[in-house]
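Guided by the hints, dock chain B onto chain A, whose structure is given.
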Amino acid sequence: MIKKIYTFGTSCTAGGGFEFDCKYDYLTKEGTKSGKTRGEHIKSIYSETPYTQEHYSYPGQLSDLLNSKSYSIDIENISKQGYGNERIERKFFELIHNSDDFKKDESLLIFEFSDLSRKEFYYNPLQNHVIMNYKADPDDKDMKNMTIAKSYWYDSYEDYKTITKDYGLFKEFRENFISTDNELIEVSRKYYLFLEFLKYNKYNFLISAIPEIIHPNYFNQEDKWKKYTIEFGFDGHEKYNSFNLFADDGLTIQDETNQAYCDGHPSLFANKIIAKMVFNAMIKNNYIEDDIIPIPKKINFNESFDIAII
Amino acid sequence: MIEKIYVFGTSFAEGGGFEFNINKTISYSYNGLGEEYTKENFSFPGQLRKLLPNIEIVNLSKSGYGNERMYRLASDIVFSDNFDVDNSLLIFDFSHLGRKEYFSRKLNKHIILNYDANSNPISLNGVAQEYLKTHEEYEKDIENLPLLDLDNSNFFNEWVPLTYNEQVQHELCSSNATIFLSFLKNRNVKYLFTDPPYFINHRDYDNLLKNHYIKFQDKASTHDYHNDKTISDETDGYHTDEHYGLIKNKLIASCIHDELIKRNMISGSKLNKNIKDFDNIKKIITKNTNYLNKRNI
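Chains as they are written, first to last, in the working numbering: chain A, 1 to 310; chain B, 1 to 297.
No wet-lab data here; the hints were simulated from the structure. Since the structure is predicted, the reported quantities are computational estimates derived from the model, not experimental observations. All C-beta atoms, glycine included, are put in the ideal place defined by N, C-alpha and C. Treat the hints with caution; some may be incorrect.
[Stated by the list, open to error] What follows is a list of derived Cβ distance ranges for each label pair: (1) 106(A) with 206(B): 56 to 66 Å; (2) 104(A) with 210(B): 18 to 28 Å; (3) 285(A) with 119(B): 42 to 52 Å; (4) 37(B) with 126(A): 19 to 29 Å; (5) 99(A) with 269(B): 47 to 57 Å; (6) 70(A) with 223(B): 19 to 29 Å; (7) 203(A) with 119(B): 32 to 42 Å; (8) 40(B) with 203(A): 49 to 59 Å.
[Claimed, not checked] Cross-link-like lysine-lysine pairs, in silico, BS3-like; alpha carbons within 27 Å at most: (9) 171(A) with 109(B); (10) 284(A) with 227(A); (11) 91(A) with 100(B); (12) 294(B) with 91(A); (13) 210(B) with 199(A); (14) 109(B) with 104(A).
Extracted from the complex, chain A is given alone in its bound form (with noise of 0.2 Å):
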């Protein structure tokens, strides 16, 4: 019996675009400042309360979906923006090693994995870990495109300074020791031997996402996956093995804002639908008995709107 669900991942999981607590400026289309925060922003455009990240992320639209359906599920979002796989790991062993509530066979875990361009390292200054964002093309040409943040839309002015203080270092570590080739087979059999560990040590588990890239050295492992991997699209539609990618397809906020808020993450409304399709999934994969809630016929914001708001 589940009492418990876990979620995994990066901004699509936490609720990413939906920073109502961000205070950076919100820029507008052309890069001009638009005298409104980016919280305030978001805040003007969507009405749902609470104006939480949590709230307007999939996780946070399944758990008031559990709730509306009487279940006695919490769930823990251990998701952060901008992060990857190796923080994904680094928490979840923070998870079974030090936390007394986690009770192994009454949770679920639900991963949704990144692909490459993300590097995490322990970094003193801030006695915390950051995450480097870098542009991951075969021939790694272009090594400007670089970012480095403790976190992502809510760094201090301090943290920021901080950082840039060090960049010079991390853009050498990235100019000399990130080679994309080398990083996506460090991904593609990392992910393969965490999903075995998951296996093997009888974790109840779900994917969300899958990396979008594997490298040929491990196509051979990637059916053995299937049955933990949650299927997202519309009946009669292109099926995807990632929530993030069933989004792209016209579901993004900005699709949802009619250019609005120019932000690429999952809508409120995708993350409705998703909390749906995850529900399915956990009533297919037998960790609840429900009947299968419908999902609703292939919406598209773009043909939708006819007229823009702004």
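What follows is chain B alone, placed relative to chain A:
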């Protein structure tokens, strides 16, 4: 029955200390034993090969490198479609904290950083592509390594203090080992330790470690077994090197042999070797060393 054994480890499994190509006097000390003067032959996997002539032994150990390389190579072998899980055995000689692998874009290869995990502030023991080379090879290696100059690396001197935290590294080391060994278990891969991963979480001991020790008399690690039988000891200090001596490597090989019989992985009789069985070898080494000392070589 086992048909193929893979050994993964560091210099202790590679035959470290027996770099005959660098120091020719080592071969003088081991003259007259009928041993082929190669690092591979003097290692314990090389000696095991002599005890198990019908089993293919692949020694993938490398001096200076650590667990990250082991996981990389071993998992790729197991993931391969050609891996024969029923008839293969993997032997692991785990290293401890103090080794961090990096991938050099310039070389398109991995390089290894060795550091002293217990020092504060952290002290670096060097970066290399390959350790235990001739001086000329080493100099050339340094020239090719990224961001390094001959008196060591400016980059790593700044990078490591900026990003290293012992507890974080220890936890990563532990979780990586847990994931890797669980993967082997999930695949029903047979594995044993010549040096076990002591840093693994105690909760995983029964599951992942307990039944995988090789008995070296009453010790679980080759490091603790006859720890006074290094190359330095064996050559009465003529060669200063704390890697395992030839006799110790022969003893380790015989313990592994006997363990495989005990576990019904191979057929045959136990050897039950002990140090006295190698007195004759020790006598020859001592005689050689005395001669070298006398001739001031």
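### Query
Which numbered hints does this structure break?
1, 4, 6, 8, 12 and 14
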